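A.B. asks: Turn these sequences into a full structure, and let the hints guide you.
In order, the protein sequence lines correspond to chains E and D. Going by our numbering, the letters in the first sequence line up with residues 1 to 314, in that order. Going by our numbering, the letters in the second sequence line up with residues 1 to 291, in that order.
You may find that some hints are simply not true.
[To be verified] Which bits of chain E does chain D cover? Going by a derived footprint, with three or more residues having C-beta under 8 angstroms, they are:
(1) 135 to 146
(2) 169 to 178
(3) 279 to 286
[Unchecked claim] Pairs of lysine to any residue, SDA-like flavour, derived with a Cα cap of 25 angstroms:
(4) E:Lys123 / D:Leu50
(5) D:Lys249 / E:Ser165
(6) E:Lys79 / E:Ala272
(7) D:Lys249 / E:Lys79
(8) D:Lys249 / E:Leu139
(9) E:Lys219 / E:Gln209
Derived by calculation from the structure, the hints in this document are not laboratory data. Predicted model, so just to flag it, every value in this text is computed and none were measured. We put the beta carbon where it would ideally sit given N, CA and C, even for glycine.
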Amino acid sequence: MLRFMGMRMAQLAVVVLAVTLLFYWMLNLLPGNPCVAAFGGAATQEQIAECERDRNLGDPVIVQWAKWGGDVLTGDFGKSYLTGRSFGEAINHALPRTLLLLAYSQILALGAAIPLGLYTGYKQNSVGDKITSGGAFALLSTPVFVLGLVLILVFAVRLDWFDLSGYQPISAGLVAHFKVMFLPAVTLAAGLLPVYLRLLRTDVIGTLQEDFVGTARAKGLPVRHVLIRHVLRPSSFTLLTIFGIQAAQAVNGAIVVEFLFDLDGVGSLLVAWVAAREFLLVQTLVALIAAVFVTVTTFVDLLYSVLDPRIRRK
Amino acid sequence: MTDVTTTAVTGSQPEVAPRKHRHNVALWLSVGWLFLVIASAVLAPWLGFLDDPQKPLAGQPEEGPGWSHWFGTDQLGRDMFARSVWGGRLSLSIAGPAVGIGIVVGGVLGVVAGYFGRWIDLGVSSVVNVALALPALVFALFIVTMLGQSYINVTIAVTILTIPAIARIARAQALRFAAREFVTVAGMMGARWPRLLFREVLPNVVPALASIAFLAMGIVIIAEGSLSFIGVSVGSPSITWGNILAAGKGRLEDAPHIALITGGVMFVTLMALNFVGDEMLRRLDVREARI
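C.D. replies: See below:
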């Protein structure tokens, strides 16, 4: 088990090192002085000199890269020269919004997918199943931005139930908070729902064939009880796994949704940094996100085998 | 006795027959729609009835759909039908090559990794796993801003995105077929690895890849659409579905048809691609092949 963990971590480390090194080399090929670009063209000689010192531009590429890695590992994530904000400040501002958005959308997606998955798996090929599966198929074919636009048009523009005024923190009142967060969360959840639903349905159909389900039914337990206590439990592992995998894709969705609803979260931050050519900050952030995700998925895999002894023996 | 069997047979028939029929109808509708979209995209410059998509005041600004302008007009009075067709032309001319190259490169990587295993597999799988853990859109954003917002660069960016997902599926397929009896037997008859790989394993992986191409096409269209929606795809005078939607976003209140119709065209196209892809996977009985 430890060997498996170690293997995954080593893989991650090697690939992150290789990708960032490649990236450094590519940045080096770009024409122009990145420090001049970083200030948006309006910088004094001293500022540029300081920036060049800070980013070790005098050194060979591989030394620059090694120093960047050392800085990141020791918690020095750099700063934006254009806005003067440090990496930490920007993240502090953006991360809570994105985390709340992701959390709400996961709750909505799971909250809808679990009952629907149990139902469609249990009543396989019924009319309800066909309608639900058809709906899931349609959702899977809807780009986030198209769905978001339709929801905005119907619920914010026509019905005027929700606000599009940008982010409101929880401290501004729960009503104000959810008036701006509900639609984005639904939009993001709509992309996750069909993935969860399809998976859960297949899983439930498989589990319903198992002997222990037959036994539970034969004992006279009510269907609802069997579905929730006996059928859902093994499927929770599958959901856990896909949860980890989907997390990376959720960032894609978050970028578009934050743009659409003006939320100014991590996704917007990435877009803004890319647009301002703050490539080093983007690289740092993406490397951190990748590290977090691979750690989470590895941890989930590990949890999986701890919770289900059958996996361990394989 | 005979009576019972006949009723049983005829009794079960209506349940099977219409279902199959309906599937066929949906399948042919999807194929027909795709054919229409692709044909209009390819033939756009030669279609006489199509307005110039860039000509302002072809009609009143923000006119709703009607007889003279099927999809209405946008805020500058440009014909939305022509813009949708030209938008599809650009979106498809990015997605087509991207998926083509992605299938070839990803397919080769995956098949080689699945067939040879050992360190080749370890190398390919490591890169694929980490690539799949990276937020794809950020990566594409990155490439496009670094290299510049041109057709070639957007195509490069989305092509790179397709490769890991396709490689993973090709690898799973190759693994499955490399262990089959006919490959073992061919090996025992003295065939070397090039023959085993290209004549035995690869032809069996190709059908799966062909169906994946449809699903991947949908994903690339969404990826390019997201890029142009946030304003980071091919530069401004060019028309893509994504940038029509981005422009329509600001006009939802007064002219919702701009966003709704383009969104609808995109949605139907994606549905058709997914439907054809899914149906091919089902008929070819390919498992483990979701992107």
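A.B. asks: Hint by hint, note whether the structure agrees.
C.D. replies: Right, here's what the structure says about each hint:
1. Closer than 8 angstroms: that is the beta-carbon criterion, and the segment 135 to 146 of chain E has 9 residues meeting it against chain D, so the requirement of 3 holds.
2. Coverage of a stretch by a chain is defined here by at least three residues with a beta carbon nearer than 8 angstroms to that chain's beta carbons; for the segment 169 to 178 of chain E and chain D the count is 0, and the condition is violated.
3. Three residues within the 8 angstroms Cβ limit are the bar, and the segment 279 to 286 of chain E against chain D gives 3, so the coverage statement holds.
4. Distance hint between Lys123 (chain E) and Leu50 (chain D) is unfulfilled; the C-alpha atoms sit about 49 angstroms from each other, more than 25 angstroms.
5. A C-alpha spacing of about 15 angstroms is found between Lys249 (chain D) and Ser165 (chain E), which places the hinted pair at or below 25 angstroms, so the restraint holds.
6. Of the supplied pair hints, the one linking Lys79 (chain E) and Ala272 (chain E) holds, its CA atoms being roughly 14 angstroms apart against a limit of 25 angstroms.
7. The suggested pairing of Lys249 (chain D) with Lys79 (chain E) is violated, with an alpha-carbon distance near 33 angstroms, which exceeds 25 angstroms.
8. About 20 angstroms separates the Cα atoms of Lys249 (chain D) and Leu139 (chain E), which keeps this hinted pair within 25 angstroms; it holds.
9. Using a Cα cut-off of 25 angstroms, the hinted pair Lys219 (chain E) and Gln209 (chain E) holds, with the two alpha carbons roughly 16 angstroms apart.
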